[in-house]
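Chains A and B are the protein sequences, given in the same order.
The opening residue of the first sequence carries number 1 in the numbering used here; numbering runs sequentially from there.
The opening residue of the second sequence carries number 1 in the numbering used here; numbering runs sequentially from there.
Honestly, the hints are just simulated from the structure, not real lab data.
Some hints could be false.
Put simply, identical chains are the same to the list, so a pair is met inside one copy or across any two.
[Stated by the list, open to error] Once the Cα atoms are required to be at most 20 Å apart in a straight line, the calculated PhoX-like pairs of lysine-lysine come out as:
| no. | residue 1 | residue 2 |
| --- | --- | --- |
| 1 | 17 | 6 |
| 2 | 6 | 56 |
| 3 | 59 | 23 |
| 4 | 133 | 162 |
| 5 | 6 | 24 |
| 6 | 59 | 6 |
| 7 | 133 | 59 |
| 8 | 6 | 195 |
| 9 | 162 | 195 |
| 10 | 24 | 133 |
| 11 | 6 | 23 |
Protein chains: 2
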Amino acid sequence: MIFSSKLVEDAVQEFAKLPGIGKKTALRMVLQLLRLEEGEVDEFTGAVSRMRHGVKFCKECHNVSDSEVCGICVNNGRNRHQICVVETIRDVIAIESTQQYNGLYHVLGGILSPLDGIGPEQLNIGTLHNRIKNDDATEIIMALSPTIEGDTTVYYIARQLKDLPVTITTIARGISFGGELEYADEMTLARSIAKRLPIENYVTIQGK
Amino acid sequence: MIFSSKLVEDAVQEFAKLPGIGKKTALRMVLQLLRLEEGEVDEFTGAVSRMRHGVKFCKECHNVSDSEVCGICVNNGRNRHQICVVETIRDVIAIESTQQYNGLYHVLGGILSPLDGIGPEQLNIGTLHNRIKNDDATEIIMALSPTIEGDTTVYYIARQLKDLPVTITTIARGISFGGELEYADEMTLARSIAKRLPIENYVTIQGK
Chain A
1 MIFSSKLVED AVQEFAKLPG IGKKTALRMV LQLLRLEEGE VDEFTGAVSR
51 MRHGVKFCKE CHNVSDSEVC GICVNNGRNR HQICVVETIR DVIAIESTQQ
101 YNGLYHVLGG ILSPLDGIGP EQLNIGTLHN RIKNDDATEI IMALSPTIEG
151 DTTVYYIARQ LKDLPVTITT IARGISFGGE LEYADEMTLA RSIAKRLPIE
201 NYVTIQGK
Chain B
1 MIFSSKLVED AVQEFAKLPG IGKKTALRMV LQLLRLEEGE VDEFTGAVSR
51 MRHGVKFCKE CHNVSDSEVC GICVNNGRNR HQICVVETIR DVIAIESTQQ
101 YNGLYHVLGG ILSPLDGIGP EQLNIGTLHN RIKNDDATEI IMALSPTIEG
151 DTTVYYIARQ LKDLPVTITT IARGISFGGE LEYADEMTLA RSIAKRLPIE
201 NYVTIQGK
């Protein structure tokens, strides 16, 4: 792309560094920002800047937070006996948005992936161990991606925690709501038949 | 979406205001910014801020520019007899990136669209008229979208300029390179047959 303005080119290049943003999309976003009032663009850059400089990671669960300990961890209305282990902050947002889970979280910051150089030391596994020892957790819910790396991580963590008095569960795998049976992959379909449920357990989720 | 950090939520909301960016994409971008060093994020916000506050619109052609008159308009190496009329800045970048055009531009800032309240007064048509009168232009190349609004705008401008000593041309319509004949719409195919070219004119564009 050939630009007639270095200022525009620089801004496009910065946007194009973001994931999934090509040069054309970056340009579209920059031109949209050009169309906005200067004050609105200041709000945009201000929010991004405040976010990056101000955001903290909760020292309990490693979730993003505006304070030392996040709003979920300090909330006494939540069930402190359950800790849901997730890969990223995005998973916390996804689960919170279902409004169906009332326990605590633990953000690993990734999953085991030796090929990418991610071993147990790179993940927040040690702090999970400490939390369980010092807190009231009785159930650890593993909510990781249903991939080989995810399963390896579940297995590894389960082994690390085997001497602690907690039950370890994993989220259910099966056919998605609205998913068509014939398009489900064999593994999912096989598992969902093997782990079939009595009709009484066929719950309807409220509020969805 | 339910966030545990107001700072993250604000940044996501700002990104989600950009065109074609939904909440999920906005979140992915914000989390990527969180992963960057603070200095890198400062570069990002700095580039956006400098761009918005510093960018000018060329007083000749209305293209974005870092100075009063843009680099294309001041460049004496360019053919000052041709002015290519385009809808937006994005079109200038697209045509410049072909490296096949060496004339000047004129950015209208939109096309006539009465339903959206865009009449001739909202577009840079008056300044085009003045440029042609005062400058050396001999050819006006209309490079607008092949839509009803685009064609209306071409027709309107051509009528406005009819007393001036300039030739008005429009860019060729036809089957795209790599486009399959059978998938071309009827209008395009019909026009490309009606406006067929002698084989001598079947030029190959260099550098593409």
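Right, here's what the structure says about each hint:
1. Only within a single protomer do residue 17 and residue 6 lie at most 20 Å apart by alpha-carbon distance; the minimum there is 17 Å, versus 24 Å between protomers.
2. Proximity of residue 6 to residue 56 under the C-alpha cut-off of 20 Å is restricted to the inter-copy arrangement: shortest distance 11 Å between copies versus 34 Å within a copy.
3. Neither within a single protomer nor between protomers do residue 59 and residue 23 lie at most 20 Å apart by alpha-carbon distance, with minima of 37 Å and 27 Å respectively.
4. Taking CA atoms no more than 20 Å apart as the test, residue 133 paired with residue 162 passes inside one copy only; the shortest distance there is 12 Å, against 85 Å between copies.
5. For the identical chains of this complex, residue 6 and residue 24 are intra-copy neighbours only, at 16 Å inside a copy versus 30 Å across copies, given an alpha-carbon limit of 20 Å.
6. Only between protomers do residue 59 and residue 6 lie at most 20 Å apart by alpha-carbon distance; the minimum there is 17 Å, versus 42 Å within a single protomer.
7. Taking the shortest alpha-carbon separations for residue 133 and residue 59, only the intra-copy value of 16 Å comes in at or below 20 Å, while the best inter-copy value is 69 Å.
8. Taking the shortest Cα distances, residue 6 and residue 195 never come within 20 Å of each other, neither inside one copy (59 Å) nor across copies (40 Å).
9. Taking the closest pair of Cα atoms, residue 162 and residue 195 never come within 20 Å of each other, the shortest separation being 24 Å inside a single copy and 78 Å across copies.
10. Taking the shortest alpha-carbon separations for residue 24 and residue 133, neither the intra-copy value of 51 Å nor the inter-copy value of 35 Å comes in at or below 20 Å.
11. Taking the shortest Cα distances, residue 6 and residue 23 sit within 20 Å of each other inside one copy (15 Å), while across copies they are farther apart (30 Å).
Consistency with the previously given hints fails for numbers 3, 8, 9 and 10, ordered from lowest to highest.
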